[in-house]
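Q: Residue strings, one per chain:
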Amino acid sequence: MGDTSDGNTSERDRGGRFVNGGKPGPGRPVGARSRLGQAFLEDLADTWRVHGITALRRAAVEDPAGFVRVVAGLLPRQAQVDVDVTHGIDGMAVLTSFREAVALLQADAPQPPAKAKVIDGRRP
Amino acid sequence: MVADPDRHRRIHAAAKELREAPRAGFDDDSALGEAFRAAQGVEEIIALLVASCRAHGRDEVEAVEIVVRAFVPPASREELTDWHDVLAPLGYGKVSLMLRRLAQSAPSRPAMSVLHRIMANRRARAAPGGRAG
Chain A
1 MGDTSDGNTS ERDRGGRFVN GGKPGPGRPV GARSRLGQAF LEDLADTWRV HGITALRRAA
61 VEDPAGFVRV VAGLLPRQAQ VDVDVTHGID GMAVLTSFRE AVALLQADAP QPPAKAKVID
121 GRRP
Chain B
1 MVADPDRHRR IHAAAKELRE APRAGFDDDS ALGEAFRAAQ GVEEIIALLV ASCRAHGRDE
61 VEAVEIVVRA FVPPASREEL TDWHDVLAPL GYGKVSLMLR RLAQSAPSRP AMSVLHRIMA
121 NRRARAAPGG RAG
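Chain order of the listed sequences is A and B.
Residue numbers are given in the numbering used here: position 72 of the first sequence equals residue 72, and the series is strictly consecutive.
Residue numbers are given in the numbering used here: position 40 of the second sequence equals residue 40, and the series is strictly consecutive.
One or more hints might be untrue.
What the hints assert, rightly or not - Ranges of calculated distance between the beta carbons of each label pair, as one might list FRET restraints:
| no. | chain 1 | residue 1 | chain 2 | residue 2 | range |
| --- | --- | --- | --- | --- | --- |
| 1 | A | 97 | B | 56 | 16 to 22 angstroms |
| 2 | B | 128 | A | 18 | 48 to 54 angstroms |
| 3 | A | 106 | B | 108 | 49 to 55 angstroms |
| 4 | A | 96 | B | 97 | 22 to 28 angstroms |
| 5 | A | 22 | B | 78 | 53 to 59 angstroms |
| 6 | A | 19 | B | 13 | 55 to 61 angstroms |
| 7 | B | 41 | A | 108 | 54 to 60 angstroms |
| 8 | B | 10 | A | 26 | 31 to 37 angstroms |
| 9 | B | 128 | A | 12 | 49 to 55 angstroms |
| 10 | B | 20 | A | 20 | 49 to 55 angstroms |
| 11 | B | 126 | A | 99 | 28 to 34 angstroms |
No lab work stands behind these hints: they were computed from the structure.
Backbone N, C-alpha and C define an ideal beta-carbon position, used for all residues, glycine too.
The shape of chain A in the complex, shown without the other chains (with noise of 0.2 angstroms):
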């Protein structure tokens, strides 16, 4: 292990050491910190992705199954002594409800004033 193998690897002592007043190493390739930072950020994004359910807030967007299972854990946990939790509302009837409502009050809001036409465009 002590010994160098290569030719233009750094002078070592047989222990393996460096030795004083030695030739330097080649060093680190150029780009490998920054390759093994993407990288590592490419691993975290994958267990993000994976394990979307914990990102809760992209997971309602993208996945509202996995975000469901999470918001639901409020609610068997109070309504233990309540079986009927799920099934005291009509979800499906809330959900529409609501984006009528709000397509109502998109459809009322004042709409932005219309842009002036640019006759001409060029300064002077």
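With the hints as your guide, set chain B onto chain A.
A: The following block gives chain B in isolation, referenced to the frame of chain A:
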């Protein structure tokens, strides 16, 4: 607003629990589960949660605050304000006030922008005609 340390502690503990150990075994085939799956945004999920809480006499503000505080990454000020702006005119007064209160101390911009950038790069690479490498 009246400060209630016990309530505050309870909300933070529940949010932490929700964040770290989501409960399993939810009945996905239930009517409520179906509605949650059909929800297309956080506002709709909040509306369902509020409806469920109202139907069962629970504290809707507390339930929504737990969910919002459990978000990873945390909800940004802009998102909280957007949710507030949708829910307030619809009569979700208490929940809207809570969202506005949370917005005051929320991060001004969404976190994890690096990851978002990486995901966007990946999507660009994966797309037909996307750049290589």
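Q: A separate judgement is required for each hint: does it hold in the structure or not?
A: Verification of the hints:
no.: 1; hint: A:97 <-> B:56: 16 to 22 angstroms; in the structure: holds, 18 angstroms
no.: 2; hint: B:128 <-> A:18: 48 to 54 angstroms; in the structure: holds, 52 angstroms
no.: 3; hint: A:106 <-> B:108: 49 to 55 angstroms; in the structure: violated, 26 angstroms
no.: 4; hint: A:96 <-> B:97: 22 to 28 angstroms; in the structure: holds, 26 angstroms
no.: 5; hint: A:22 <-> B:78: 53 to 59 angstroms; in the structure: holds, 57 angstroms
no.: 6; hint: A:19 <-> B:13: 55 to 61 angstroms; in the structure: holds, 59 angstroms
no.: 7; hint: B:41 <-> A:108: 54 to 60 angstroms; in the structure: violated, 20 angstroms
no.: 8; hint: B:10 <-> A:26: 31 to 37 angstroms; in the structure: violated, 59 angstroms
no.: 9; hint: B:128 <-> A:12: 49 to 55 angstroms; in the structure: holds, 52 angstroms
no.: 10; hint: B:20 <-> A:20: 49 to 55 angstroms; in the structure: holds, 52 angstroms
no.: 11; hint: B:126 <-> A:99: 28 to 34 angstroms; in the structure: holds, 32 angstroms
When each numbered hint is compared with the structure, violations occur for hints 3, 7 and 8.
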